[in-house]
Amino acid sequence: MDQNNIREEIGGIVNKIIADYNGGKNIDAVDIFNKPDRNEVIDIVNNLFSVVYPGYFKDRSYKSYNPENGVAVITEDIFYRLNKQVSLALDFCKTRDQMCEEERKEESYRVCKAFFEKIPAIREFLETDLLATLDGDPAAKSFEEIILAYPGFIAITIYRLAHELYLLDVPVIPRLMTEYAHSKTGIDIHPGATIGKSFFIDHGTGIVVGETSVIGENVKIYQGVTIGALSTRGGQKLSGKKRHPTIEDNVVIYAGASILGGDTIIGKNSVIGGNTFITSSVPADTRVSIKNPEMEYRSAGGKEPVKEEIKQSDEWFYII
Amino acid sequence: MDQNNIREEIGGIVNKIIADYNGGKNIDAVDIFNKPDRNEVIDIVNNLFSVVYPGYFKDRSYKSYNPENGVAVITEDIFYRLNKQVSLALDFCKTRDQMCEEERKEESYRVCKAFFEKIPAIREFLETDLLATLDGDPAAKSFEEIILAYPGFIAITIYRLAHELYLLDVPVIPRLMTEYAHSKTGIDIHPGATIGKSFFIDHGTGIVVGETSVIGENVKIYQGVTIGALSTRGGQKLSGKKRHPTIEDNVVIYAGASILGGDTIIGKNSVIGGNTFITSSVPADTRVSIKNPEMEYRSAGGKEPVKEEIKQSDEWFYII
Amino acid sequence: MDQNNIREEIGGIVNKIIADYNGGKNIDAVDIFNKPDRNEVIDIVNNLFSVVYPGYFKDRSYKSYNPENGVAVITEDIFYRLNKQVSLALDFCKTRDQMCEEERKEESYRVCKAFFEKIPAIREFLETDLLATLDGDPAAKSFEEIILAYPGFIAITIYRLAHELYLLDVPVIPRLMTEYAHSKTGIDIHPGATIGKSFFIDHGTGIVVGETSVIGENVKIYQGVTIGALSTRGGQKLSGKKRHPTIEDNVVIYAGASILGGDTIIGKNSVIGGNTFITSSVPADTRVSIKNPEMEYRSAGGKEPVKEEIKQSDEWFYII
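Top to bottom, those sequences are chains A, B and C. Residue 1 is where the first sequence starts when you use this note's numbering, and the numbers rise one by one after that. Residue 1 is where the second sequence starts when you use this note's numbering, and the numbers rise one by one after that. Residue 1 is where the third sequence starts when you use this note's numbering, and the numbers rise one by one after that.
Derived by calculation from the structure, the hints in this document are not laboratory data. Since no wrong hints were added, every one of them can be taken at face value.
Cross-link-like lysine-lysine pairs, in silico, DSSO-like; alpha carbons within 30 angstroms at most:
1) B/K141 <-> A/K25
2) A/K84 <-> B/K184
3) C/K184 <-> B/K25
4) A/K105 <-> B/K141
5) B/K268 <-> A/K25
6) B/K241 <-> C/K141
7) A/K141 <-> C/K84
8) C/K84 <-> C/K105
9) A/K241 <-> B/K291
10) C/K84 <-> C/K184
11) C/K242 <-> A/K141
12) A/K141 <-> C/K25
13) A/K242 <-> A/K268
14) C/K141 <-> B/K25
15) A/K25 <-> B/K113
16) B/K141 <-> A/K35
17) B/K84 <-> C/K141
18) C/K184 <-> B/K35
19) B/K113 <-> B/K197
20) C/K184 <-> B/K141
21) A/K118 <-> A/K105
22) A/K35 <-> B/K184
23) A/K241 <-> A/K197
24) A/K105 <-> C/K16
25) C/K118 <-> B/K35
26) C/K16 <-> A/K197
27) A/K141 <-> C/K118
28) B/K241 <-> C/K291
29) C/K105 <-> B/K16
30) A/K141 <-> C/K241
31) A/K141 <-> C/K35
32) A/K141 <-> C/K184
33) B/K141 <-> A/K118
34) C/K84 <-> B/K16
35) C/K241 <-> C/K118
Please put together the full structure from these sequences, using the hints given.
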């Protein structure tokens, strides 16, 4: 193959791709220079773990003999970096009036200050989540194991941080944070959800908690639980409406249950069995389960029903 | 502990491991030097996001004042790197005759040229997917949020890129790309599937779209949907046969539905409710739901049925 | 904004965060310097892939013409690094008596030696898993594709490595390893589970295999399968008890099935259909399926039942 030829051909292909950028597509943003950077936001999230769990996560950039000094350096560093990203995100938001450069800087500083001032309060919640996790899982061996390895605990941590930025009206960044958690853990909690203390998630893959969900204190949920909406045939017209359920204090929701709709309230102390499907409110102190599901048992050939009846356990169907 | 002793012991263990490589296992490939590199393929995929969504993803290697210059540099760079990986993958494929070095280079260049020439056409599809996502999700706040954060949109992007390489008969690499998407998003779309314009995925964790699926335009699917095969008792004998369903235009498939089998066709405009289980064709303009699922409600002690009857919503069971 | 002011304000916020570290929370570990490092453990796991699948994974640090030399260097390197992490983890475990520095070093060396001596035996299992995967999936095109891309195979590999460290009583690290696999694949296998040869997982997202599960040889499982516990109302009191099922040889468990409880045994050669829910033992050579699930079919308006009856396939409901 002739190298000159190849160079020319590739140049031609590249030019066609660049020409295509001028077709007025929404997937193009060549004219906008300054946007939040996904990788930078993810890096900030990872560093925030060192701040909220001091001593548990090693930092490779700053070596210091006094860990508190290390945390001070990291915290200031994240403050400046988050400030930068928030300022880009504010600019970013098309529904606000464009604030002038100076106003935007002041607003992003105000937001970051408010966020970092909230960290002790966030840590108070996380401490209760940690205790709830140890208490809830017989396989949990130590606090360290939970903090370093449990996907539910990682997802809750990132949600609690993102939720504060959501409350401060920062666009894009809170969702970037919780989608990073979703990617790492399979747990999809919208930063707009409201979740009380002592929240416990086990296993977690497939969990969805929608934007307008309200969850009380001391709630436990397991893998595959959806706290979701009914039909969104309304599309963007439903934006901002309460579309997701309210879960009161001390409720347990076992694996695979779906609880749906903005008017659905699960009363306190109720227990929602595995694989249930709930679209209307449940009073307090109630246990809900699927009717003992009927199975068919046949011999290997697939023709003969098995003679002896096989009964399912009388245990409530709490899948874990 | 004697350091010499330790060194000797470790050396002995290493030797036993290396000796084990000569046992003729399929997991060994010590004699083959040149193979596609998983990390390199993942890096190429990440850079392709800068090419298909210019301006949305920052590149850290190339700083340029004209973003189009940046894209030109990245595009040429990926061209050369993909070319290298494709050439290794062609060599790799055991079912083809070994092509001589020169032929392989020519084939991989031909493949890469065809792939990059397809990028404007791929971008046309992605623009429709973006609009479908904003339209379908009341929680979506901006195009930026969708492009930077939505797992469904990330999975569709990677699938559309991988599918073109699949159509060009490149081995291994398309699957490496979609499995990277699977790892990031929990959405498992085989690169062999055929998917029309304006495809929308919400939440996404647990979605499976099989190799021989055919999906029309303007289709929406939610978390946990399987578009899958019935029994594969045939194993490798089924390879290449149509084992997965056809979904026609404008179909909506709500969370947790399973649609199975190569002869199953979901007719256009049909709506498939959450948690349904479908193994035969559904005519056009049909709504399918599970029968109102029966639940048991008991008081906290678990013995007493709750007196007042709790009725599920009359809403169709569209889980989101 | 006055830069001095800003510096002072940020300093004040940082001080409040640091002051909060002295509140006696379990999420604080500022006084403990030496802990296992999650990122280091993940890096060790990634390098172990080069050791168990020589030639399949490129190493970027060590270039060598003889791949066996490369493996020898990597193996020694991981040995020393794992030794360090195990020694930190042993210290870490609060339920053991604090061993003195020297004893801890000896114990971690003993553990690492035992682990690396097991690698040929682990590789023997992995070879059978590879063959089972090719055999089980009509979409599998080559061994290379499986080793480089299949999430089920990645999860099994990491589980088999972590399980050996679990058997050697190493705290924290085995779970860090399997949670890394969970994060990458959506497959959550506890390192304590016991799993025989020729294990095959397809798709995989949402799979949970609990700590005390026992799985025989030649077992296949699909996405969304839970091999789990019934209620853990006992919490930490259940720690150590057998809470998860036993699956005998040659069993197939299709997508979405839940098999629950420590006394539940699935007898050999049985086939468990998709979406089933099993809380008591099933004899050998049995096929279990959900009763043909009833669906409602209505015309698009949602009011009119579709006239012609739509029958589900007579195929057993094996979702894939």
